[in-house]
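Undergrad: Here's the letter readout for the chains.
Protein chains: 2
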Amino acid sequence: MKRLLAIFIAMIALNAISAQEMQRTYTPHYYDRCKLFDNEAPITSTDIVMLGNSLTENGKDWNKRLGTNNIRNRGIIGDEAMGVYDRLHQILPGKPKKIFLMIGVNDVSHDLTADSVVCLIGQLVGKIQKESPTTTLYLQSLLPINENKSKYKTMIGKTLLIPQINDKLQVLCYDKGITFINLFPLFTEGNTYVLREELTRDGLHIIDEGYDIWSKGLAEYID
Amino acid sequence: MKRLLAIFIAMIALNAISAQEMQRTYTPHYYDRCKLFDNEAPITSTDIVMLGNSLTENGKDWNKRLGTNNIRNRGIIGDEAMGVYDRLHQILPGKPKKIFLMIGVNDVSHDLTADSVVCLIGQLVGKIQKESPTTTLYLQSLLPINENKSKYKTMIGKTLLIPQINDKLQVLCYDKGITFINLFPLFTEGNTYVLREELTRDGLHIIDEGYDIWSKGLAEYID
Chain X
24 MKRLLAIFIA MIALNAISAQ EMQRTYTPHY YDRCKLFDNE APITSTDIVM LGNSLTENGK
84 DWNKRLGTNN IRNRGIIGDE AMGVYDRLHQ ILPGKPKKIF LMIGVNDVSH DLTADSVVCL
144 IGQLVGKIQK ESPTTTLYLQ SLLPINENKS KYKTMIGKTL LIPQINDKLQ VLCYDKGITF
204 INLFPLFTEG NTYVLREELT RDGLHIIDEG YDIWSKGLAE YID
Chain H
24 MKRLLAIFIA MIALNAISAQ EMQRTYTPHY YDRCKLFDNE APITSTDIVM LGNSLTENGK
84 DWNKRLGTNN IRNRGIIGDE AMGVYDRLHQ ILPGKPKKIF LMIGVNDVSH DLTADSVVCL
144 IGQLVGKIQK ESPTTTLYLQ SLLPINENKS KYKTMIGKTL LIPQINDKLQ VLCYDKGITF
204 INLFPLFTEG NTYVLREELT RDGLHIIDEG YDIWSKGLAE YID
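Same order as they appear, the protein sequences are chains X and H. FYI, in the working numbering the residues of the first sequence are 24 to 246. FYI, in the working numbering the residues of the second sequence are 24 to 246.
No lab work stands behind these hints, which were simulated from the structure alone. Hints should not be assumed to be uniformly reliable.
A pair counts as met if it fits within one copy or between any two copies, since identical chains are not told apart.
List time: in silico DSS-like cross-link candidates among lysine-lysine, alpha-carbon distance up to 25 Å [claimed, not checked]:
(1) K199 with K150
(2) K191 with K181
(3) K176 with K87
Whenever a hint applies, use it, and build me the whole structure from the sequences.
TA: This is the structure in structure tokens:
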């Protein structure tokens, strides 16, 4: 009984201390963007949310790209799977009509395995489905990278990992009953896994022509 | 239409190539043990399975430790969360009475984040629950490590990660409705997160006295 009490006290102590350490932290830009979103009109059930990292944020005015007026750009440069997870409370209470999610390439840059990236995205998908079951969720594939043009050391050697993750994301979508949008082959060079050189300046991000391709790839999913 | 066809062909090609690369591979010892398990009498619904990595395997005769005759040692030195996942077909068809799972420290040594480790263990737990709902599953905490005595470079700087993972595992167990067995505080030095020096030779594995502590910690869950 004494031992049990000691264990109980140790558990409380552990929880108290490590709760602080456990907290995930992100970039200053992440918190700036979250503050900005907080000050915007809240998301409603007629909205379409573009959710993701720099690729989404840099798309800027998605309404202009897709000829709509109800798209909200909720991309954050540098964001990762758990980063999106931790800001779903800004999105799901509004029960948006649709969410287009593209996330994971920054997790890849942090050296996560394919299994880990897909597992974290699976958690994210699960939370969206649970907390906003009326939302139609689309999971977009990761886009290819181009190591020859890469300014990012953390992406070196990762070219093949991207399609491996995409294959697993496709299985995840099947399991979860959501639509997988495989944008990957729209961006590759010939029969390779490499991002077409002319679509990128830094091997990771895409220029305007890339956004045209992306937008066309999404058109059929937008009313 | 032509573009759609091109995309379709590209998708097939991608799937064919990356299916090979996707396959997870493990150590020779992993496959040796799996072969051994295949040649043993199959697991039945009266069996209790000790499932994990070297910590479990090195416990050797768990029946002797726990005064039972129905425990099967299914530990594999070096095993990780997805390694266990990939050999569940050797365990779940027998619908064992109980499974005691301890896994994750090798994932930690492979530099996975706490979120990733817990996410992968969550997949594992989900698969066990789905495929053998009659099994009572117990998730055991990770044990502490001792960096001062560590022979493993990959464990340096990971002492605090272990209780962080354990906290998240406790939440996971709550979510999944299974019992979490927090062995961690039974092994630590005073008010620290450090494995007691006298219980280990290499900072990671435990000696016989450690197995006595572990066995006592499990006793209440064994009939």
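Undergrad: Now tell me if each hint is right for this structure.
TA: Do the hints match the structure? See the list:
no. : hint           : result
1   : K199 with K150 : both (11 Å within a copy, 14 Å between copies)
2   : K191 with K181 : within (16 Å within a copy, 29 Å between copies)
3   : K176 with K87  : neither (34 Å within a copy, 52 Å between copies)
Going through the hint list in order, the structure does not satisfy hint 3, though it satisfies all others.
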